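Count along the sequence shown starting at 1, add 29, and that's the number in the numbering used here.
Worth flagging that the hints you see were computed from the coordinates, not collected in a lab. None of these values were measured; they are calculated from a predicted model.
Restricting the straight-line Cα-Cα distance to at most 20 Å, the calculated cross-link-like pairs of lysine to any residue (SDA-like) are:
1) K166 to Q111
2) K240 to N230
3) K243 to I217
4) K155 to G190
5) K116 to D233
6) K146 to Y262
7) K166 to A178
8) K166 to P181
9) K155 to I217
10) K142 to Y262
Distance ranges between label pairs, derived from CB positions:
11) P61 to L263: 41 to 47 Å
12) G192 to L263: 17 to 23 Å
13) I179 to A44: 44 to 50 Å
14) D236 to A178: 21 to 27 Å
15) I128 to D55: 50 to 56 Å
All residues carry an ideal CB built from backbone N, CA and C; glycine is no exception.
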Amino acid sequence: MANSSKKSFNHTGIAIDPDNVKEMMDACHHYPPDIKGSEKQLEKERVLLHTQSSSIGSMPPSATLKGMVKNSINQLVGNHPQLFLDKLGERLAYERSGIRLYEAAIAKALGDKDSKKNIQSLLHIKKEEMEHMELVKSAMEQLGADPTAITPCADLVGVMGQGFIQILTDPRTEMPQVFNTLLNLELIDNAAWELLIQLANAYDHEDLSVKFEKAFIQEEEHVAIVKSLLHSYLDLEEPQEIQIGTGKSRQGFSKKAGVKALGNSSKSKH
30 MANSSKKSFN HTGIAIDPDN VKEMMDACHH YPPDIKGSEK QLEKERVLLH
80 TQSSSIGSMP PSATLKGMVK NSINQLVGNH PQLFLDKLGE RLAYERSGIR
130 LYEAAIAKAL GDKDSKKNIQ SLLHIKKEEM EHMELVKSAM EQLGADPTAI
180 TPCADLVGVM GQGFIQILTD PRTEMPQVFN TLLNLELIDN AAWELLIQLA
230 NAYDHEDLSV KFEKAFIQEE EHVAIVKSLL HSYLDLEEPQ EIQIGTGKSR
280 QGFSKKAGVK ALGNSSKSKH
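Full structure from sequences and hints, please.
Shown next as structure tokens:
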């Protein structure tokens, strides 16, 4: 495996120069901060800023008359369809970013002779992420929403994803670090699809729920594939052989079993 922890001149720790530790500590006492602060004061300021600030963005209006009528009726009976649309917008933005992230990971693999054997696995996941993006786009259009508009939650995941982008596009990062980043990406994606299924059921969109369940099972497979690739680079024993394209998750449970797990939030997630 590529050794991302090879010896180098890393002087960030104090243990390599114990003679200067006391001198550094003395300087801290001799030159204290100009303004005294405390965790309590910081908490107070954060609370104040939160109460005075506005929200992050707003929900766009419905793109069609049909969507406007649906939203008005739902609000009259106490439902909040905009919550569902906001989470759909979030998933659309995340899946779109995920495609770009896998493109970056594939470029990394092409430049690493030990990783070329993994390119097909990465291409497989990228293809399904594109399908998931189209699925969410169609769902939003079906509900009368504009998929080109950025919802508040979509804005948030855009900011959150900047860290992933910086890691995967940094020329210095190596494949174990890439797979570790992709694993974090997929775990977030997996949990988000689970939530989306629950929201679809809560708002009586059974047709969308069925489609989302298929995507959820594929996301379970993505987690398993990336975990397997990471294990390989870390010279760890494979947890289980992954058969790409079978729709089986890391536990190998069927679609029915995977959906059943969604309905029982008191148990640990599969």
